[in-house]
Amino acid sequence: MLETRNLDKSFGAIHVTRNVALKLEKGERRVILGPNGAGKTTLFNQLVGEIQPSSGSIHLAGEDVTRLSVADRARRGLSRSYQKNTLFDGLTVWENLGLAAAIALGKGTGLMRDPLHDPEVIETVKEVAALVNLGRSLHAPVAAVSYGVRRQLEVGIALATRPKVLLMDEPTSGVGPEMSRGFHRLLKNLPRDLTVLIIEHDMDLAFDVADTITVLNYGEVVFDGLPEAARNSALLKEIYLGSWEDA
Amino acid sequence: MFRHTRLRLITLALLAIGAVLYGAFTGYFGLEVLTEIAILAILVLSLDLVAGFGGMVSLCHGALMGTGAYAFAMLASDLGLSPAAAMAGAIGLTGAVAALIGAICARSHGIYFIMATLAFSQMGYSLVFESPWFGGDDGLSDVPRPDLSAIGLDLNDPRTFTFWCLAALALAYLVAAQVLRSGMGRSMVGLMHNEKRLRALGLTAWRVKAVAFGISGAIAGLAGVLAAQQTQYISPGLMAWTVSGEALVVVILGGLGTLVGPLVGALLFVMLRHEVSAFTPYWHAVVGMILVAVVMSRANGVYGWIEHRLSVRGAHGKPIEPEVENA
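The listed protein sequences derive, respectively, from chains A and B. First residue of the first sequence? That's 1 in the numbering used here, and the numbers climb one at a time after it. First residue of the second sequence? That's 1 in the numbering used here, and the numbers climb one at a time after it.
I should point out that these hints are in silico values taken from the structure, not numbers from a laboratory. C-beta atoms are modelled at their ideal positions from N, C-alpha and C, and glycine is treated no differently. Among the hints, erroneous ones may be present.
As the list claims (entries may be wrong) - Some, not all, of what chain A presents toward chain B, calculated at C-beta under 8 Å: (1) A74; (2) I103; (3) T109; (4) T161.
To be verified - Listed next, the stretches of chain B that the computed footprint assigns to chain A, with coverage defined by at least 3 CB atoms under 8 Å from CB atoms of chain A: (5) 174-186; (6) 198-206.
Unchecked claim - Taking CB as the label site, the calculated pair distances span: (7) B:F279 / A:R136: 54 to 64 Å; (8) B:K196 / A:N189: 27 to 37 Å; (9) B:F25 / A:K126: 44 to 54 Å; (10) B:L174 / A:Q52: 41 to 51 Å.
This is chain B alone, in the form it adopts within the complex (with noise of 0.2 Å):
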C-alpha cells in the first residue's frame, strides 16, 4: 500500500523548494530544462500509478500522452475551444480513451497486457501518422496557450510557463496519491498482489482497472496538453511506442511504486540526457548502462535503494522512517 514515509515527504519537500528555487533564478535554458523534467514527471508518475501499483505495465502511455496533446491542439485550433476547455476537453478525452483500453486489457496480464497496450500505442501512431486529420507525418502547428491575463500571468513568458507546468506536476501528485489512499487505489493494489482473492471477496476486476487505468490516463493527457504548450507543436513522435519505453525506462530508475521515485527518475534521466549529451551522441548507452546496474543490483531503482539503505540504517538504531500513515 502507498505510504507517505517521513522520508517521502521529506523528497518531496527538497524537490518542491528545488525546483521553486531554480525555475526562480535560473536562465531561459535552464526554465526550458525545467519544464521538460515538469512534462515527464507528470507522464511517469502516470505510468507509476497503474504499473507500480496495479501491476498494469503499459506500454500505450506515451500513446496516451500523444492523445492528450493532439486533442488538446484539435479542440482548441479546429474547434476554437478557449484553451482553459480544449485542455479540460483534452484530458477527459484521454482519460475516456485510457478507461476503455484499461476495460479491454483488463482481462490479460503480465507479458500479454504489455503487448495489448502496445498494441494500441501502435494503432494511435498509425492513425495520426497516416491521417490528414491529424496532420500526417507534418504535425500540427500554433498549437495556443491558455490566456491567464485575467489573474495576471502571461503563460507566453518562460518563467510563467514553467511554474504552470510545476503546478500541474504538484496537482498530477496530489490525484495520484490521493486515488492510491482511495478506496479504488487500495483495490487496484490488492488485484496487483491477488486478483483472484478479491474476485472472491466480490470486487469486479475489470472495473477498477478500468477507472484505475482512465485516471492514469487523464494524467498522462495532461502531461501530452502541457507537451503541446510548450513547443506550440506536435507530431506523431510524440504518441511513438518508444516515448512509452522511455517512460518506463524512468519509473524504473526511479523506483517502481514509490510515487515519488519516478519525480527523481525524471530529474535524473533529463540531466543525465543534457549533460552526457554534451559529450557524446551516444546517452543512451549511458544511461542504459545505468539502468542495466539499477536492474542488476536488485534494488527498486535509485529512490528505492536510498529508502532501502535508509531503512536498513534506521532498523540498525534510532528509526528514522516511521510512517505518517497509520495502517
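Extracted from the complex, chain A is given alone in its bound form (with noise of 0.2 Å):
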C-alpha cells in the first residue's frame, strides 16, 4: 500500500533520512521507533509531500507519488496527523470534522450547497466523532476545548478524510495516562482494511498495536521486524529502547 524506496535527505552536509526502505501491506499497523532527532518526522513530512527528498521515490497504492503534491497524494488517501495540533482553531470541533470531511468527499468547493448540511458529510463526522470519542465536544469551539480533545480532534480529522493510509505523528504526545489508554483503544478499533503508520514513544502502545516496528536511527533504518524481535533486540536497548520491559 505504502512503499519507499532509498529515500534520502539531507540539509548541505546533514544526512536526516539515509537509504529509508518501507513497505507497509494493506491494512498493517507499523509503529516507527527511535531516539529524538532519528528522522521520523523528516520522514513523515516526506511521505506526505511536505518536503521532497533528496532521492528515492515514493509509492503509494502501486503509484509513484515522489513528485506529486501534499494536496494530490491526500486525494490519494494518504492523510496525516501532527505531533504539534493542527487545528482550525477559530471553529468549532463539529466544523474542524465537517470541513476535512467535506473536502475528501470533494464538496468543499462548490457554490451552492453548504456541505456542513450534507447527508454524507453528517454521517461521516457522527462516525468519526463516535471513534475518536469527542461525541460531548462536538459543538464547541475549539479554542474552548481541553488539550486532550484537541489531540483527539487532530487525529478526528485525519481520520474524517476516510484515508487508506494513515499517519499519525505521536498521537499521545503529552497527554495523561487515561488519555493515552483512550488512544490504545482507538488504534484498535480502527477499520482493519487502514494502513497505519504511527510514530509512537509509548512502548506499551507501540507494542500492543504493531504488526510491526521500525527503528530509526540517524536517519537509517536500523530494525525493521516484528515486535518479539524488536524486544529482544540488544542493538535496539542500546542505541534507544534501553529497559523498557521495566517500562
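Join these two chains into a complex; the hints should help.
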C-alpha cells in the first residue's frame, strides 16, 4: 500500500534520512521508533509531500507519488495527524471534522450547497466523532476545549478524510495515562483495512498495536521486524529502548 | 464560520426597512447620500468577503471597482452593447481580472499579500491614467444608465436609481452570504485558519483563493458599474489606492468578518463624512480618531463591539443571540 525506496533527505551536509526502504501492506499497523532527532517526523514530511526527498521514491498503492503535491497525495488517500496540533482554531469541533470530510468527499469547493449540512458529511462526522470519543465536545469551539480533546480532534480530522493510509505522528504526545489508554482503544478500533504508520514513544501502546516495528537511528533503518524481535534486540536496547520491559 | 445570528438578522431587517423608508420619503440630497451608502456598502461587502473570511486583506478593491466602472463605460459606449449586457460583461470581466490577481497572489500571505494587491492596484491606476484609450486623466463621460422602461422603471429618476442601487446591494449581500455558506466559503474560512492543514486534507489552496477573490472582485465590479451609472462620469481617481484604503477603513470600522458590520460601517462612514464636513474640512481627522479608538478598544469594529456586548449580557442572563444556523 505504501512503499519507500532508498529515501534520502539531506540538508547540506546533514543526512536526516538515509536510504529508508519501507513496505507497508494493506491493513498493516507499523510503529516507527527512534530517539529524538532520528528523522521520524522528517520521514513523515517526505511521505506526505511537505518536503521533497533528495533522492529515492515514494509509492502509494503502486503509484509513484514522489513528485505529487501534498493535496494530490491526500486526494489519493494519504492522511496524517501532526505531533503539534494543527487545527482550525476559530471553528468548532464539528466544523473541523466537517470541513475535512467535505474536502475528502469533493464537496469543499462547490458554490451552491453547504457541505456541513450534507448527509454524507454529517454521517462521516458522527462516525469519526464516535471513534475518537468527541461526542460531548462536538459543538464547542476548538479554542475552548482541553488539550486532550484537541489531540483527539487532531486524529479525528485525519480520519474524517476516510484515508487508505493514515500517518500518526505521536498521537499521545503530551496526554495523560487515561487519555493514552483512550488512544490505545482508538487504534484497536480502527478499520482493519486501514494501513497505519505511527510514530510513538509510548512503548506499551507501540508493542500492543504494532504488527511490525521499524526503528530509525540517525536517519537510517536499523531494525525492521516483528514486535517480539524488537523486544529481544540487543542493538535496539543499546541505541534507544533501554529497559522498556520495566516501563 | 459565517452565521446569521438573530442579532444579525434583526440588524439586516432594520437596515433594510430604514433604507426603504428613507429612500421613499427623502429629497434629492438624501437620495444621493443613500445611493452613495449603497455603492460603498457593496464595495466593502466584497472586501469583507475575502479579508474578513479568507484573511486576504486587499488593497486593490478600489482598482477592481474602477475596472468595473471603466469596463461598463467602454462596453456600453465604445462597443455599443446595451447597458444590461455591458453590466454583465463588466462584472464578469472584473471577476476574471480579480481571479487572476487572486491566483497570482495566492502564495503570499499577510503584508506580502497586501503589497502584491497594492502593486496591481497601482498598475491599474497608471494604465487608465496614462492611456488615451481610457480617457487619461480626463476620464470618460456620458456613461449611460440601463433602460428599464420595459418594466415601467426610469433609472434617470433619482429615487428609482437609488432603489436600483439598494436592490443591487441586497443581491450582493445574498451572493456573499451564499458563498460563505457554500463549500467554497467554508474552505476559504478554513484556509484563513490553517492553510497547511487544508492542503494536507487535499485542498488546492490557490484555486480556492482565486475563485473567492474572483467572486469578491465581481461584486466590487458591480459597485463600480453603479458608481459609473450614478455620476455618468468616471475618472482615474476611482482606481486610486486610497479608495481601497478607505474601503478597508470602513470594513474595520464596521466589523471585519461579520458581513453585516461593513454595511453599518458604510452607513456610519458616509454619514460622518457628510455631517462632519459641514463643520470642518478636516473630517478625515475625525474619522481617523474614531478608527484609532475602535482599533485601540480591541473590539471588532462598531458592530463587533455591539455583538460582543450583547453576547456578554446574554451570557449572564437569557441568551439573546442563539444561532439560527446550526452547524
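Hints, one by one, checked against the model:
1. At its closest, the beta carbon of A:A74 sits 4 Å from a beta carbon of chain B; the interface hint therefore holds under the 8 Å criterion.
2. The interface hint given for A:I103 is met, as the beta carbon of that residue sits about 5 Å from the closest beta carbon of chain B, less than 8 Å.
3. With 8 Å as the threshold, the beta carbon of A:T109 comes within range of chain B, its nearest partner Cβ sitting at about 5 Å, so the hint holds.
4. A least Cβ separation of about 6 Å between A:T161 and chain B falls short of the 8 Å threshold, and the interface hint therefore holds.
5. Three residues within the 8 Å Cβ limit are the bar, and the stretch 174-186 of chain B against chain A gives 7, so the coverage statement holds.
6. Residues of the stretch 198-206 of chain B with a Cβ under 8 Å from some Cβ of chain A number 8, which satisfies the need for three, so the listed coverage holds.
7. About 58 Å separates the C-beta atoms of B:F279 and A:R136, a value consistent with the hinted range of 54 to 64 Å.
8. In this structure, B:K196 and A:N189 meet the distance hint of 27 to 37 Å, their C-beta atoms being roughly 28 Å apart.
9. A hinted range of 44 to 54 Å holds for the C-beta pair B:F25 and A:K126, which are about 53 Å apart.
10. Range check, B:L174 to A:Q52: Cβ separation about 44 Å, and the 41 to 51 Å hint holds.
In summary, this structure violates none of the numbered hints.
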